[in-house]
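Going down the list, the protein sequences come from chains A and B. According to the numbering used here, the first sequence holds residues 1 to 544 in order. According to the numbering used here, the second sequence holds residues 1001 to 1411 in order.
A few of these clues could be false.
[To be verified] Residues from chain A that keep clear of chain B, each with C-beta distances beyond 12 Å, as calculated:
no., residue
1, Pro8
2, Leu25
3, Asp52
4, Ser53
5, Phe317
6, Val383
7, Arg515
[As the list claims (entries may be wrong)] Covered by chain B, according to a simulated footprint, are these stretches of chain A (three or more residues, beta-carbon under 8 Å):
no., stretch
8, 356 to 368
9, 470 to 479
Just so you know, these hints were derived from the structure itself, not from any lab. Glycine included, every Cβ here is placed at the ideal spot set by N, Cα and C.
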Amino acid sequence: MAARGARPGRTLIAFFVVLAISYGLVAIGGSWKPELGLDLQGGTRITLIAKDSPTPESLTEAADIIDQRVNGSGVSEAEVTTQGNRFVVVEIPGKSRRDLVDTVKRQAQLRFRLVACSTLRPCGDSSISPGESPGGVTVPGVQNSPSPKSRAPFSTVHKNAEPSSEPGAEPSDAPSQAPAESPFGDPLTWMNNPSPAWVKAFNAFSCPSDGSLPLVDDNADKPLITCDDQGVKYLLTTAMIEGTELKRAEAVVPDQQVSWVVSLAFDRAGTKKFTEISRALFGTQDQFAVVLDGQVLSAPTMNGLITNGEAQISGEFTEASASSLATSLKFGALPIAFEKDPPVETVGPSLAGDQLRAGITAGLAGLILVMIYCLFYYRGLGVVVIVSLIVAAALTYSMVLLLSATAGFTLSLPGIAGLIVAVGITADSFIVFFERIRDEMRDGKSMRVAVESGWIRARNTCLAADTVSLLAATVLYIFAAGVVKGFAFALGLSTIIDLAVFFWFTHPMVSWLARFSFFNKGHKYSGLDAGNLGTDRVPVGGTA
Amino acid sequence: MGKFSRLGNDLYNGRRSIDFVGRKWLWYAMSAVIVLVAVAGLTVKGLNMGIEFTGGAQYRVQLNPSQVTQSTADELRRAVAGTGVENASAPVVTTAGSDAILVQTEPLDGPESAAVVDAIVATTGIDPAAQLSQSEIGASWGKEVAKRSLTGLVVFLVLVSLFIWAYFRQWKMSVAAIVALAHDVVITIGIYALSGFDVSPATVTGVLTILGFSLYDTVVVFDKVRENTRNLRETKRTYAEQANLAVNQTLVRSINTSLVALLPVGAILYVGAVQLGSGSLKDLALALFVGMAAGAYSSIFIATPLLVQLKSNENEIVLAERRAKARRRNAADAYATVPAFSEDMPMRASDDGVPDDEAPRPTVAAGRVVRADGATGRGRVAPPARGPVGLSGASGRQQPSRKTRSKRGKK
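Extracted from the complex, chain B is given alone in its bound form (with noise of 0.2 Å):
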């Protein structure tokens, strides 16, 4: 715990930092890579639509009161279940009044409700002549839910880049906050796809859960972005750098967020998906995990940098990239490679005769200095001179001249 919270500190003011800005390309191969999978999945899979999407078949069982229990219903229910009928893998059972049990099961064909009926017959020992019948159901999320549903997505995300643009008064985080929230829907569903589970309602309010936690997310980490770089002008560091140290400063909170709320999610998700094997239970916590697993992560690894590259090309921040580089120049140490006498220093730097004195210098090539890179004025690096050295102490333009305060003002 301690290292954790002496990086906490050190992410804190910089000391330590992870180059999440830089490296975008790094991490945009990775989500384009997770994101194709998903697509893939999406497309050659697909999804697999639930009894309340497409309707289907209902069994009718006509029972005695006394056989009409809720254990019964969960015999019913396992025993459909396991027919191994791919349509019928997550039946809806439930008691009808006192003297039915109804059994619902997305539409199945000839052989496969004779299947059904057989598991049925022989769970409960019916006369399926007479105790037995059959009628179909439609779908009770029709067409029209699934139209007020997309309406409604949209309007929320309208209202959320504008609210997003309101706060930050930076429509760009808008436009990363929703591509970011893109990545993380787009994932979840094709990752859901993937799994092979039935799309139930459970599901539908799983994915809609991710657009809230996504978003969320986002803004709290913008929310540090827009705080680093207020002063740009006066932290005299790029929006590139102020916009990482607060992924950095951030990720504490990012981690310790994450996970808690995945610990309760992950434990619903094991409970259902594997002590109980069906059940809406799953459906909710698998989308949910993987949404929110996706969302922290799509934060900072997506939405930032994607933020730094949008805002890169604007003026203002060309000329604080400016400024500090120039600082940055001034600020290295003039002298810094010029190498300390030790006792047991290598007298030759090197094999090819050039000697010792001129190894570190900058190369003199016609009237030209190549620069030594990355003068970042840590290292021992000279910085390199601007032109052709001459002997004189003017470097090659007008210098001031400082006069003794007698001779001034005086020709």
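Just chain A, same shape as in the assembly (with noise of 0.2 Å):
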């Protein structure tokens, strides 16, 4: 309080300053406009078609699960919905990207398995040749996987032996006779020592040429003959560890790395096994492979003993291929899969055309009156509530672009009429402010003394009921959905800017303006003269 004198310009600056920093990020964005939701601008829509006739409820789990991985991220504003038997349609705002597609149609089914052998490392010695027997060091009956599937019989294995060279040239769909029967045990044994069922399968086995997902059924409880995208062919085992597994899984850049990786974390049970394979792999040239949805991701040796289940997937990862991996798998695995190339279409907005307009004509309507009231109750300082509502509609418009660029923040019409509704409470932070300024002086105190008393009471007012806002806003951005989240973050954002403008702005330009005489002198028009107050004789402070 020491420096007071000075303070108000000095805020003022800073205030202005920042605020035209936020202005230079924008022209840095490079957009001028905000992205409007799907109801006012339309947006992209991906039917997504089940493979099989799934049931009712998994088909409304996959769309709850596809909901939660496209508004994961925060406030697209993506709608989900449940079409017919097998359709599930996604409409997002904004124009299609080709990973927005594939993190809603991404099975996500993540699993860690032991290579057995594969195209670069074939299959151990004693079980190269086929025909040998499988040593009898398996483990009949003992199944890794948590349950087994209700799935069509097992189909991953080639009976034609002639390579294909055709993408997507598929394996059979028919079961090959001889691994089916055979129980696979316990997988770390089953590595070194596959069945030769397997091994012959494996060897008739050929991977497409241009490194697309060859079409295989992964079972948790079968091995697995597949290839990752480079072509390589791996004969693998029963999954050692589930997506279901999974506590965390983010996309990161390490330390000291460059390129993007998906850093996973394992819950008890995962990091139990996991740490298993890595004390049973660190020190030998087997690898253990990363399975996503059938394809081998990556197959990495242990380098180092693991324990802490951390760990992460690479691969040639940009950032946004990683995130949207990362995003897939967070949000759990579809209980189906769906067809490989969803029809993708543009759609229209969903309101009339002269919604937004005569929405936003009808705001400014009431804005205006809502300043007339302003000027005609509050006079001077009315002219105050007016400038500080508008640098908090351009520090809002701000950083409603910088969050539309940065996390695709999208208004929708309940936004816009949400940010409109803010007005009240910002100004109410004025009024509450002012008030308490014309309450000191009416107890004799002369405006300058008032401005600063009045101010540390009307602060805490103003911070006890934002804060009840702010909680509103946040408990309903954790757990509510689409619109809604959208919305809790409106409401949140302008919040936070009433706020900022509240102590950075309007108590600064008050105090300033309280050193003119037209304030402190109680001009007729400055809203402070004695016929305004209601009182008789305005107190008039010693040397202003």
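Quick one: dock chain against chain with the hints and give me the complex.
This is how it looks when you write it as structure tokens:
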């Protein structure tokens, strides 16, 4: 409080510098119009078609998971609906992005398996020749995966031996006779002694030459023959760790590296199993494989003993593809698989074109009424209200622009209305403040004293009241979905901006104005004259 | 304006005061009637859930690319809404790709569906057999969303109660604030049901805004109540009086804030409901308008009186009340009721033969004085004596005897 004389001006300048910086950032971002929501601007519609005929429950569950994925990153207000009995329709504001389509349709079945054989590393000496006995080490009946799935009979393995060079040349769907009945036992044992039938099938298998995903049935309880995107084929054991045992998945650039990876953290059971794998593989040239939806993402060797349950999936990720994968993994696997290339089309806005214009016109008309009222009632101080509202609007607009560029924030009609409504809450701070000042002056204080003592009281009131608003916004943001989420975001944003403007603009502005005799001598139009206060005499402080 | 300002000053120093706290039963009764109407509306008429909640039917209209424009979509929307089918009164019409328009409505039965198809055919001139396909759509706001929103609501209420309790250090304020909030939300939903508007996500948004706004308003008023009642002992007034003063002092703020908040919403409501007649604009604006008005009303008329009532049997409050009462009694002018003489004074106060000088006196009956009511100190009413007034100076109890200085210390 010591240097109060110099403070208001400094705070004001700092505030305007921040405002200018925010617009500078917007200018770097380059877009001067906010992204509009589905209802105002239309967007992209992706129609996912389920592969088999799923039950309505699993379709709804899939829709929920997809909903979490597309809305998981916050505020884009995408809509997910089921349609008929095998369609899930996803509507996303804005232009279609390839990684978005991947995010929604990826089944995200993540499994960790051990590599028994691969093109680069042929099967172990003992088991490479077909026909040899599998050795007595397998423990029948031990299964590592939680629940047997009621799927179609196992169909991974090729029967036809000729290599196919066509992309997507599928392994045959017919169940192979030999491997299906063998129990697979402990994967760690099986890895070194794969059953001959599987080795045979492996040798017969060939990968599509262009690196596309071979169609395989990724069943956790069975070994898997599949490829990675380089065309390397693998014979993998039954699944050791499943995607459900993940605790966390996020896209990061690790320290001292340049490429994006997806970092994983397992839950307790997963950590235990991963430690087990790590112990067994450390120091050998044996590999394990990270398999996503039947395709090997990577097949690293254990370079160290990892016991904390943290792992990374590396590959040639871009930021977009890494975060897309992380998002898909985070919200769990879909219970059903979808057809490969879903139809993607653009949709128009769902609201009539006149709605936006009418809404904005009405909001502006209302605002002008508010301004007239403020001028009429508060006179000179009314100008402060109006300027504060304009500054708040400018700050809000820059924040909306920044957030639509960085966080995918889109303005839907409820969002816009929410921002207009926030005017009420914003203006209320000023009204509380001014009424406090007037009350203090009615108690006989001079304006300059009244501003400071009124400020202290009004500040506490506004902080408490705005905390309630912020609390509402935060809780709604965490729990609600879709449109409500975007709205909660807008509410929280405008509340914070209200506080910022109130603390760093309105108060210094009034303190500064209190130095002018127009205000502190109680000029007729200052809003602080005797008639306006309703008292008989305006208290005038010392030498103003 | 001058009058309004003068009112502001009078309200501030308590010269003029509206008895918000004292007339609580009047306000409670008023609110009870409104809430009853709202609940009746809710049970009898019920909420009309929109497509987002119920799912419904979707018509895909194949058109030439030249026809697929926003204006065709708008025309279709008007045409379908104009069929008079209730479940198709708020259709969602969007262009899809370059050669189709989608029309979505709430679930329709056979004849209703036929009416909608007729409207589509009449507007676009398509061949319904070849260019129109119908399918079912699910709800985008399914049970899961509703469940999560409810969880959020409960968490919010718990947190906000805790916050109010922590900030004001009085759990009764939390109770009063939550009751006021429930009051607002019930009224808002009830009036919404009565209006017959479709419930859309915009409505939900509006109702959720009310949560924040109503509590916000209540906190502002309660802050002043707390400030006024912090030093009850010093102010020498009762809790009820100080709370009432607080409401009066914030009244100007409440009026101003409500005006500022309601003006834009009212404008949007007018445009949405009267000029456009459809769309989510009016849903949101109606919920907000009713809710904000109710929120401003309830923090003054419901929350504060309820708070005073809740606290009325607290020890400290009762003591303060007693102190204030005693003080007022003492402050009253003992000789206030003695009429001053004036020339045109009627010589007889009444015709019943009571002598003039006895008329204003307290009636003495069986050794007991009946007290005159309303010894406020403002009117000219003498305070009644405590017991029978004897001739001696002692009023029925031991009086301190004041001796002259020269006689003090001597027996």
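Hints versus structure:
With a least CB separation of 24 Å from chain B, A:Pro8 remains clear of the 12 Å interface cut-off, as annotated. For A:Leu25, the shortest C-beta to C-beta distance to chain B comes to about 29 Å, beyond the 12 Å cut-off, and the non-interface label holds. Even its closest Cβ contact with chain B, about 19 Å, leaves A:Asp52 beyond 12 Å, as expected for a residue assigned away from the interface. At the 12 Å boundary, the C-beta of A:Ser53 stays outside the reach of chain B, the nearest C-beta of that chain being 15 Å off.
At roughly 31 Å from the closest C-beta of chain B, the C-beta of A:Phe317 stays outside 12 Å, upholding its exclusion from the interface. Listed as a non-interface residue, A:Val383 keeps its Cβ farther than 12 Å from every Cβ of chain B; the least gap is roughly 15 Å. Every CB of chain B is more than 12 Å from the CB of A:Arg515 (nearest about 24 Å), matching its label as outside the interface. Only residues whose beta carbon comes within less than 8 Å of a beta carbon in chain B count, and the stretch 356 to 368 of chain A has 8; three or more means the coverage holds.
Requiring three or more residues with a Cβ within less than 8 Å of a Cβ of chain B, the coverage given for the stretch 470 to 479 of chain A holds, as 7 such residues are present.
No hint from the list above goes unmet by this structure.
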